[in-house]
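Knowing the structure of chain A, use the given hints to seat chain B on it.
Spelled out from the first residue to the last, the chains are:
Number of protein chains: 2
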Amino acid sequence: MRVHGIPTRTIQPLPDGSAVEIIDQTLLPHRYELRRLATWQAAAEAIAVMRVRGAPLIGATAGYGLALACNADAADAALHAAAAGLVETRPTAVNLRWAVERMLAKLLPLAPGQRREAAWREAAAICEEDVAQNQAIGRHGREIIRTIHQRKGGAVNVMTHCNAGWLATVDWGTALAPVYAAFEAGLALDVWVSETRPRNQGAALTAWELKQHGVPHTVIADNAAGHLMQQGKVDLVIVGADRVTANGDVANKIGTYLKALAARDNGVPFYVAVPGPTIDFRLTDGAGIPIEQRAAREVTHIAGRDPESEVTEVQLTPDGSPALNPAFDVTPARLVTGLITERGVCAASAAGLRGLYPA
Amino acid sequence: MRVHGIPTRTIQPLPDGSAVEIIDQTLLPHRYELRRLATWQAAAEAIAVMRVRGAPLIGATAGYGLALACNADAADAALHAAAAGLVETRPTAVNLRWAVERMLAKLLPLAPGQRREAAWREAAAICEEDVAQNQAIGRHGREIIRTIHQRKGGAVNVMTHCNAGWLATVDWGTALAPVYAAFEAGLALDVWVSETRPRNQGAALTAWELKQHGVPHTVIADNAAGHLMQQGKVDLVIVGADRVTANGDVANKIGTYLKALAARDNGVPFYVAVPGPTIDFRLTDGAGIPIEQRAAREVTHIAGRDPESEVTEVQLTPDGSPALNPAFDVTPARLVTGLITERGVCAASAAGLRGLYPA
Numbered sequence: 006m007r008v009h010g011i012p013t014r015t016i017q018p019l020p021d022g023s024a025v026e027i028i029d030q031t032l033l034p035h036r037y038e039l040r041r042l043a044t045w046q047a048a049a050e051a052i053a054v055m056r057v058r059g060a061p062l063i064g065a066t067a068g069y070g071l072a073l074a075c076n077a078d079a080a081d082a083a084l085h086a087a088a089a090g091l092v093e094t095r096p097t098a099v100n101l102r103w104a105v106e107r108m109l110a111k112l113l114p115l116a117p118g119q120r121r122e123a124a125w126r127e128a129a130a131i132c133e134e135d136v137a138q139n140q141a142i143g144r145h146g147r148e149i150i151r152t153i154h155q156r157k158g159g160a161v162n163v164m165t166h167c168n169a170g171w172l173a174t175v176d177w178g179t180a181l182a183p184v185y186a187a188f189e190a191g192l193a194l195d196v197w198v199s200e201t202r203p204r205n206q207g208a209a210l211t212a213w214e215l216k217q218h219g220v221p222h223t224v225i226a227d228n229a230a231g232h233l234m235q236q237g238k239v240d241l242v243i244v245g246a247d248r249v250t251a252n253g254d255v256a257n258k259i260g261t262y263l264k265a266l267a268a269r270d271n272g273v274p275f276y277v278a279v280p281g282p283t284i285d286f287r288l289t290d291g292a293g294i295p296i297e298q299r300a301a302r303e304v305t306h307i308a309g310r311d312p313e314s315e316v317t318e319v320q321l322t323p324d325g326s327p328a329l330n331p332a333f334d335v336t337p338a339r340l341v342t343g344l345i346t347e348r349g350v351c352a353a354s355a356a357g358l359r360g361l362y363p364a
Numbered sequence: 006m007r008v009h010g011i012p013t014r015t016i017q018p019l020p021d022g023s024a025v026e027i028i029d030q031t032l033l034p035h036r037y038e039l040r041r042l043a044t045w046q047a048a049a050e051a052i053a054v055m056r057v058r059g060a061p062l063i064g065a066t067a068g069y070g071l072a073l074a075c076n077a078d079a080a081d082a083a084l085h086a087a088a089a090g091l092v093e094t095r096p097t098a099v100n101l102r103w104a105v106e107r108m109l110a111k112l113l114p115l116a117p118g119q120r121r122e123a124a125w126r127e128a129a130a131i132c133e134e135d136v137a138q139n140q141a142i143g144r145h146g147r148e149i150i151r152t153i154h155q156r157k158g159g160a161v162n163v164m165t166h167c168n169a170g171w172l173a174t175v176d177w178g179t180a181l182a183p184v185y186a187a188f189e190a191g192l193a194l195d196v197w198v199s200e201t202r203p204r205n206q207g208a209a210l211t212a213w214e215l216k217q218h219g220v221p222h223t224v225i226a227d228n229a230a231g232h233l234m235q236q237g238k239v240d241l242v243i244v245g246a247d248r249v250t251a252n253g254d255v256a257n258k259i260g261t262y263l264k265a266l267a268a269r270d271n272g273v274p275f276y277v278a279v280p281g282p283t284i285d286f287r288l289t290d291g292a293g294i295p296i297e298q299r300a301a302r303e304v305t306h307i308a309g310r311d312p313e314s315e316v317t318e319v320q321l322t323p324d325g326s327p328a329l330n331p332a333f334d335v336t337p338a339r340l341v342t343g344l345i346t347e348r349g350v351c352a353a354s355a356a357g358l359r360g361l362y363p364a
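Chains as they are written, first to last, in the working numbering: chain A, 6 to 364; chain B, 6 to 364.
Quick caveat, the hints were computed from the structure, so don't treat them as lab data. These figures come from a predicted structure and were not determined experimentally. Not one of these hints is a red herring.
As the list makes no split between identical chains, a pair holds if one copy fits it or if it spans any two.
Subject to a maximum C-alpha distance of 20 Å in a straight line, what follows is the list of computed SDA-like cross-link-like pairs (lysine to any residue):
id : residue 1 : residue 2
1  : Lys238    : Leu194
2  : Lys111    : Val92
3  : Lys238    : Glu297
4  : Lys238    : Ala160
5  : Lys238    : Pro295
6  : Lys216    : His306
7  : Lys238    : Pro327
8  : Lys216    : Leu329
9  : Lys111    : Glu122
10 : Lys216    : Gln320
11 : Lys238    : Leu329
Chain A on its own, in the form it takes in the complex (with noise of 0.2 Å):
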């Protein structure tokens, strides 16, 4: 999508090989900087610290790792010790384990020598993937977001949780893809854009996305949501997924599992936008997905822009007060209107699921 008007994407690869180059996304809203990850442990922290972050684009990032992991050493020691690093940085979203798995099933059969450029060949591949299953997303999104223009002939309001933007996969978005499909064919819509504490990545970075690409849009505390509901201002949800279970639970950023209770209690339909990487068949359901929990001092400070337009962190707190982050929460299929995917819309269950990916 467009930053300062130029098509971007979130990750590439130098020419040459030699690093890939990604935004800092630790730095939006205030700073656009682009940042080079020349080893697989640069790659790690950048996903550690979430300079990226977003289920694909997690993914993609450990693809590019482990080719960078074969610059340095493609030896099979060496590329199972990188591939151990890249997956214990974050342990919800289901894409960063399949993206390696996948780098090591075509690295490993082929001797030392061919695996580098192989290895690029490879993280390229899951990035075009990831930006195809998107665009696709966004097609099936889009004609849910008509239908409902169309039945109410006036801007439709879409809210968002966390930012599943196209800053979340290389390009285009899971969640957001519909919203782009929908905005390019010419239906009027807004987006209500939840803030999403502790690490605000809806205003931080959906709002600055939708910003640059010219998408009207309004941010909210994360609080009123159900308020917004309640009052008829929102005609759909649509979040995306760190990883879907079998039978449709949803994995996704602290928060969704509220805004989803508050769609069906308003009659609200709840969509979730999920590409195939991000689906875990070998989970029957929600329970089993692990729970991140990040740092405290998440919650206790932030960081913004001060008066001197310098990024400042401030404490939020009193001294001593404890505080707990569990990153993510899971929302029962029970609750979710439909998944998304490439694939089709489908019904958030065993059934639904298997129609579309058959064993």
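Relative to the frame of chain A, chain B by itself:
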């Protein structure tokens, strides 16, 4: 309750009746400063910018506001002007209108020369009644906590939202009165404090007052409330109210409704602590409650303590992204397990309320 070990109230008249002293709550938790209000306009400003907040404390401040008005001019016209100026500061909490009407009903029948002394006496009476009501709420709510404690045989995990502690009242609090009463009775408990964006009354005020009083607590992002209930880590929720209508609907800080939905979905009891003056029998249900819309800046910016220990406001959103800031929502009575009043616990229904408050 205690500040630095010293029993303190949130509002105190000076002995000479020239002013009242409040805690400037906009500076907490980083600075504890008292502030003198010597005119009704200063009282109105303190309510409007939330130096004082919380339905009962707003009522108490409005009561003293009319006493301050009498210091300057006790004629009918002056009192009506002060009453109007005070009432218009904030629309949702019904205690404000209640206190102003009570003061006028007391003062207007008197000769102007008698009004000043009567006004200070009446405002003090409002405060004393608030303290007594909250203590009674504490006793009734403590028994709910005790019952859970006996069944569970361990620390009771209480979740609250916003600040309905002693800082929201003259002393003891509404939602936190049962917590303090249980704590004083030696019942083990731990309080989940949701930060309550956008103004963070949980992270800033509830955490501060619990810490000052030595009550165990943990701050969470608002988004984490549902997940903790899913995990069985919440035994009950107690919140305050800005207005309860005749049928038991509850207007309270934005986000309360989401917690009530999550409590219902997980079988967690959801109580609202509400003193008599917060009940609006003139409104049949919550649809009629005016919901205050506050400045977008409260969403786009946040204040905290910077690395140099200065309180600084930082911007969270991209330049030019609009924000919406409804300050309250309405939790339907059907989601409320019970109302904890100074007269006992009742169902959130017309029958329940009329049982305790006959017409």
